[in-house]
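Colleague: So the chains spell out like this:
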Amino acid sequence: MPPLLFYLLAAITLGFGLMVVTARNPVSSALALASCFVGLAALFVSLDAYFIGTIQILVYAGAVMVLFLFIIMLLDIKAEEGKQPNLAAIVSGIVVAVLLVTQIMTVVSHTKLAEKSLQNTPLALVEAASKAEGAAKLPTIANDLKAGTLPDAKLIGFTLFNQYGFHIQVVGLLLLVGTVGVVVLSKREKTSGGAA
Amino acid sequence: MITLGHYLVVSGMLFALGLAGVIARRNILIIYMCLEMMLSAANLALVGFSRFHLVNGLPDYTAQSLVFFTITVAAAEVAVGLAIIVALFRTKQSVETEAITKLQG
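Residue numbers (the numbering used here), protein chains in the order written: chain A, 709 to 904; chain B, 855 to 959.
If you're looking for bench data, these hints aren't it; they were derived computationally from the structure.
Treat the hints with care, since some could be wrong.
Claimed, not checked - Under the rule of at most 20 Å between Cα atoms (straight-line distance), these lysine-lysine pairs were calculated in the PhoX-like manner:
| id | chain 1 | residue 1 | chain 2 | residue 2 |
| --- | --- | --- | --- | --- |
| 1 | A | K854 | A | K839 |
| 2 | A | K839 | A | K820 |
| 3 | B | K946 | A | K791 |
| 4 | B | K946 | B | K956 |
| 5 | A | K895 | B | K946 |
| 6 | A | K786 | B | K946 |
| 7 | A | K845 | A | K862 |
Note that the structure is a prediction, hence the values are computed from the model and not measured.
Turn these sequences into a full structure, and let the hints guide you.
Modeller: Below, the structure written as structure tokens:
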């Protein structure tokens, strides 16, 4: 990937991220967050994680942000106007953020691992066709690898259902519990004292 | 040349932005959006590590499975959290953190 593209995508992600934090109106905050997630999904794609990039757009930029906008408009929240911003909180927020970024930059500049680039760690697709565990068990993965394409979704699916079958079921149960919890939480209580 | 370090710094900056938002803002909905941003920043670091840790010439798909689970849990968390915010708005008629002082006694 050309370096210019990376900087452009990083600027989109961080710029809209900054807008989320600074915007006065929650609706513009939510729209900025959606754009930020699209930029992030592009960064995922640049890291050869096509499936993760796709579900980032589907789940975050699609479902989650629609839910946020829906709630903001349902509650009819106005922009904070005329209110004095909490100066102490803002200053401490900026200080903590700057300290954290400085620390991460120091750590990254001192580790050899961070020097790996997309050029000096290329994917070896054709060799992986004979070596990878998924390719040995599923011929469709091996065929894709031999053809020189990365069967990203197939490999993630293989890892998930081969190694993490139980975890998938736990996450499914979590989603069910979440759905039931939301229904219970949003139920109106009929009378005072009468538990729902 | 774009290295793993670049991705990690972008991820760290996005996380710090979210953290600053959680500390500085007082609208609960915006605090919640900043939390989502921090989760996504952690995902970017995970995907970066996955791409640069090759297993048999392929990215490490264990990390990407973890990202998959994180996104699923985040989606469930958003649904429950927004339901709590709606319930809070019904009793307080506000989404500002100053309005919620019941536990102060």
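Colleague: Check the structure against each numbered hint from earlier and tell me which ones fail, lowest number first.
Modeller: Violated: hint 2 alone.
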